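Asks: The lines below spell out each chain.
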Amino acid sequence: MDNRSRGEKIFNVFNIILLTLLAIVCLYPFWYVLVASFSDYGQFKLTTFMWRPVGFNWAAYARVLRDDMIWTGFLNTIILMILRVGGAMLFTICSAYVVSRRKAMLVPIFMMIIIIPMNFNPGIIPLFQNVVSLGLNNTMWALVLPQMVNAFNTIILRNAFEAVPIDLEEAAQIDGATQIKILFMVMLPLVIPTLMVVLLYYAVEVWNMWFDAMLYIKDKGLYPLQLVLKQILIEADEAATGGSDATVMSETVQYAVMVVATVPILLVYPFLQKYFVAGMTVGAVKG
Amino acid sequence: MKSKTKVAAPKVLTDATIGEKTFKERLVRDFKMNGALYLIFLPILVWYILFRYKPLYGLLMAFQNYSPFLGIMGSKWVGFDYFVEFLTNPQFWRLIRNTLTISITTLVFGFPFPIVLALMLNELRIKWFQRGVQSLTYLPHFVSIMVICGLIKNFTSDQGLINDIIAMFGGTRKSFLNYPEYYVPVHVISDIWAGIGWESIIYFAALTGIDQQLYEAAQIDGASRIRQTWHITLPGILPTIVTMLILRIGGILNVGYEKVFLLYNPLTYETADIITTYTYRMAIGEGNRMGYSTAVGFFNSIICFILLMASNKVSKKLGQSGLF
Chain A
1 MDNRSRGEKI FNVFNIILLT LLAIVCLYPF WYVLVASFSD YGQFKLTTFM WRPVGFNWAA
61 YARVLRDDMI WTGFLNTIIL MILRVGGAML FTICSAYVVS RRKAMLVPIF MMIIIIPMNF
121 NPGIIPLFQN VVSLGLNNTM WALVLPQMVN AFNTIILRNA FEAVPIDLEE AAQIDGATQI
181 KILFMVMLPL VIPTLMVVLL YYAVEVWNMW FDAMLYIKDK GLYPLQLVLK QILIEADEAA
241 TGGSDATVMS ETVQYAVMVV ATVPILLVYP FLQKYFVAGM TVGAVKG
Chain B
1001 MKSKTKVAAP KVLTDATIGE KTFKERLVRD FKMNGALYLI FLPILVWYIL FRYKPLYGLL
1061 MAFQNYSPFL GIMGSKWVGF DYFVEFLTNP QFWRLIRNTL TISITTLVFG FPFPIVLALM
1121 LNELRIKWFQ RGVQSLTYLP HFVSIMVICG LIKNFTSDQG LINDIIAMFG GTRKSFLNYP
1181 EYYVPVHVIS DIWAGIGWES IIYFAALTGI DQQLYEAAQI DGASRIRQTW HITLPGILPT
1241 IVTMLILRIG GILNVGYEKV FLLYNPLTYE TADIITTYTY RMAIGEGNRM GYSTAVGFFN
1301 SIICFILLMA SNKVSKKLGQ SGLF
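As you go down the protein sequences, you meet chains A and B in turn. Heads up: the first sequence begins at 1 in this note's numbering, then just goes up one per residue. Heads up: the second sequence begins at 1001 in this note's numbering, then just goes up one per residue.
Okay, chain B solo, but in the shape it has when bound (with noise of 0.2 Å):
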């Protein structure tokens, strides 16, 4: 007799198919399971919809003039008018102009020296003395922006500290932060100052990782330090200096507006006045502009926005593992 015996492909078993075969099924085995988690992230979940997601509704200024006793529902309608106006503006082209000499100076002048300084710790023998050193020069970093810029303020100051060392080697004092030639400089310099410890530390870590083994092997072959660091230690930290460079050069509208904030004055403004600085003016300070101010505000987030995405895919193409 000749048995017909179907054989079933095996089912592959997962949690979700086990008995259920519909979406809605999973879905309903899956809030038994997992309720109580969700529930755990409900706060959250709503804090998010009240402080990240709520705010979008207030871009909607941008395209009104927006008045206050009015709200978003009761203002008059102007549409793209205020992008035409700061886009057409040689006042807006300024902002754009100081922010990108500021973060492409401290760029320039600021990026090398943690590589150096991460370096030149790493070549130290005596431990004590590298910790000594590296705690010492990461230590500004953990001093507030306040008293920082309470310190920029005073040895900049025509009786402080600076020019007192200026006018023993007979120059004249100068109040620093009151000419707007000099303010690029001061804001650099201290954040180099500032950064270059801490900036360190990264760089420093990824020469620790470095494996100990190549550097036996090329002392075996009889290659000298310099050739060490430039075939085993540089190589090594390559991938770290690629990525970094790459963050910064996403961030580059993101000057610390902090900082801008606290040093500049209307003497400045002409090279010391970013968009951060400018948007706050026109809505609070000086002007009654919410709306304008907000435009202004939300193109600067959509080129941070891209500037960002750009970024990451680059890192991610050349093989980092990016932001996400």
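The shape of chain A in the complex, shown without the other chains (with noise of 0.2 Å):
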């Protein structure tokens, strides 16, 4: 370390003033909404830059909690999660173990079925009429069913069964092992950091799902959570005109919101850290 230049010490120094610089501004809109959570709403409007709380009180959370919609909002979001991600994984590591055994004749076949879709996107309206058509409209279905399975995970993962090498399937198969055997106590062990990949991919598409909801979901009761955050956040201009019949939640409440909203995500994310390295390689793209 001693034999560095001058010129590249004091280019590490830019550098990390640089980054910690970055670093804030990535960070400071959120650390704004946290304090101003907490924060009195009359000093609050009062205040341009915050850094700690203007008056400290529970007042907007005790608000958000006593939410009705918030609640029903989460409920239908976890209910979701199970089904759709449930769902999303069963097909997709059924469709990706079947296309990755390439011997078999109807496979290619299948792998055409699964891409060619892929990259032609129907639009709104031809996907909406065929929600309707099935009857699903304005029911949870709605928001399982027809986006569930996603072709491009299906693909990460025929590759991670690709991997593995054939003479662990062969001693299964020796063994008497039937398919469905093998992929669930053979194969699947072996592909999981490209299991906790896909899993991720399919919460979070989950988890911030609300145009679709918007589309086919007119009852308010199953409004997922981020169909509930639009009408406080976004719709809050609205309901002040008396255009829906949310009430108006102050700006306090609203970062309350905001800060309940992720909490869950926060929760989650130092676990995941270490598969989105692995998970943006697994990918197109290999450096």
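Note that these hints are calculated values from the structure, not bench results. Please note that a few of the clues may not be correct.
[What the hints assert, rightly or not] With a straight-line cut-off of 27 Å between C-alpha atoms, the simulated DSSO-like cross-links for lysine-lysine are:
1. A/Lys181 - B/Lys1259
2. B/Lys1021 - A/Lys103
3. A/Lys103 - A/Lys218
4. B/Lys1054 - B/Lys1076
5. B/Lys1174 - B/Lys1259
6. B/Lys1032 - B/Lys1021
7. A/Lys218 - B/Lys1024
8. B/Lys1127 - A/Lys9
9. B/Lys1032 - A/Lys103
10. A/Lys103 - B/Lys1127
11. B/Lys1174 - A/Lys45
Source: prediction; values computed, not measured.
Fit chain to chain and form the complex, with the hints in mind.
Replies: See the structure below:
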């Protein structure tokens, strides 16, 4: 370390300063939200930069926790998570495994069936009309089934299955295992890192879902969390003019809502960090 | 005695040809061997038919004056009328212009930053600081878009944080999301802020893949860090950069419609309205023109498909693996 030139040392100092500034800029909006959520509304309106709460109180959170819609939203999102991520994982695992068995005659056809629709999106209207025609409109299933499987993930998982040494599979076959047994008892444990990446992808997808819900769900009791957030955070002005029956929440309460909605992700975040870099390189790009 | 022994040419034995000759026989044998496999795929096949292929039938609506009461079979046909209508409508070209403006601006201003960030992070020696900064920079990626847009809405409102700062410096307060000329900057800047950390991961991963021995050799030869960066680091991540660039260009019509949807309003339609939001309004929001809307969406899908195929071909030609 001592044989770096003076120039390099200066660069290093600059680098550290710039990166620290960047980290602050990335972080400050969230810090502001957090701090504001614990602040007294009146004092909040009078303050510009906040580094600490002004007039610390829990009023905003009390208001949030009293709100039925938010709890319903959470519940609906959890139900959707279980249904859709469960279904997605099952379907993705099965289809990835089948198309990884290249020696079977129908597999190339299956592969085509999977890939062709991958890049052609017929658009909102045909998809909407399809859901209606299947009688799924205004039900939970409209949020679970139509977009359940992601072809890209199927391909990633297929590649992982193909990387498993063939001896293991053949050994299991010799032992008389059925295909299903081979898949779930032999192959699956060997592709766990890839499974985690795929699981993460689907989980984030469900957690963030709102547009499909807005399209298909009319019953407010079925709104997933993000749609409830939309009403509170985005449609707030319309509510003020009597546009909807959501009560207007002041900024500090809105910030409390944001915090409450983000806490679950932050709790999971540290555990998943190690999969991120792996996940990015498992995909199409090889550095 | 002469014995004529016919030596048959050695047959290449494969699983499929042992004992069978016709295609039908091979098929039967394949089903016997792989029947369970096909059975496993069956539910997925049904799903694809119901949710990926059946909707394509709905594209017929693009050629009809569709009414939900009459259904596809009962609605009146208008042929290519709608296609002609929007292709000759200046409003439609406004949509394309907006999409391209947002896309290209984000590309020009947003593409280099993650790369630079990855390079800067790579130069850090103190590992905990490196990982700490990296984690903080990709935090925004994990906050849902609803919260991000809520943030943007509040900060840019005329009583919000950004205007507070502007007022501090003596400027006039403006609710930025109500002015068409400010939509693109707000959209692009927030995209860059939210994406810089996450997008730098892929470049960072590529950087860690560069052989350390190259650096050691260069150091022995007396190369400064700048020269090392220029001759080793950049060429090392160039394939990644090129692939990402091609992917971005291939998806140039795919502006984040969710964000536009949440942040735009009638005052900013001029610069914020993009194809997806327009099709939504025409079909479900204001108008009841489902056929027309389907036509516009259909057109958009075709263009996106062409762009994707083209960018994939280019990527393959340049020696990268493409998406398939």
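Asks: Now tell me, hint by hint, if it's right for this structure.
Replies: Hints and how they fare:
Between A/Lys181 and B/Lys1259 the CA atoms are separated by roughly 45 Å; this puts the pair beyond 27 Å, and the hint is violated. For the hint pairing B/Lys1021 with A/Lys103, the CA-to-CA distance comes to about 18 Å; that is within 27 Å, so the pair holds. For the suggested pair A/Lys103 and A/Lys218, the alpha carbons sit about 48 Å apart, so the restraint of at most 27 Å is broken. For the given pair, B/Lys1054 sits about 21 Å from B/Lys1076 by alpha-carbon distance, which is consistent with the 27 Å threshold.
Between B/Lys1174 and B/Lys1259 the CA atoms are separated by roughly 20 Å; this keeps the pair inside 27 Å, and the hint holds. In summary, the hint linking B/Lys1032 to B/Lys1021 is supported, as the alpha carbons are separated by about 16 Å, within the 27 Å threshold. A threshold of 27 Å between alpha carbons decides the hint, and for A/Lys218 with B/Lys1024 the separation of about 52 Å lies outside it, so the pair is violated. A C-alpha spacing of about 17 Å is found between B/Lys1127 and A/Lys9, which places the hinted pair at or below 27 Å, so the restraint holds.
Taking the CA atoms of B/Lys1032 and A/Lys103, the gap is about 13 Å. The hint holds against a cut of 27 Å. For a cut-off of 27 Å, the pair hint linking A/Lys103 to B/Lys1127 is broken: about 47 Å separates their Cα positions. Proposed proximity of B/Lys1174 and A/Lys45 is supported: the alpha carbons are some 17 Å apart, at most 27 Å.
Hint violations for this structure: numbers 1, 3, 7 and 10, all remaining hints satisfied.
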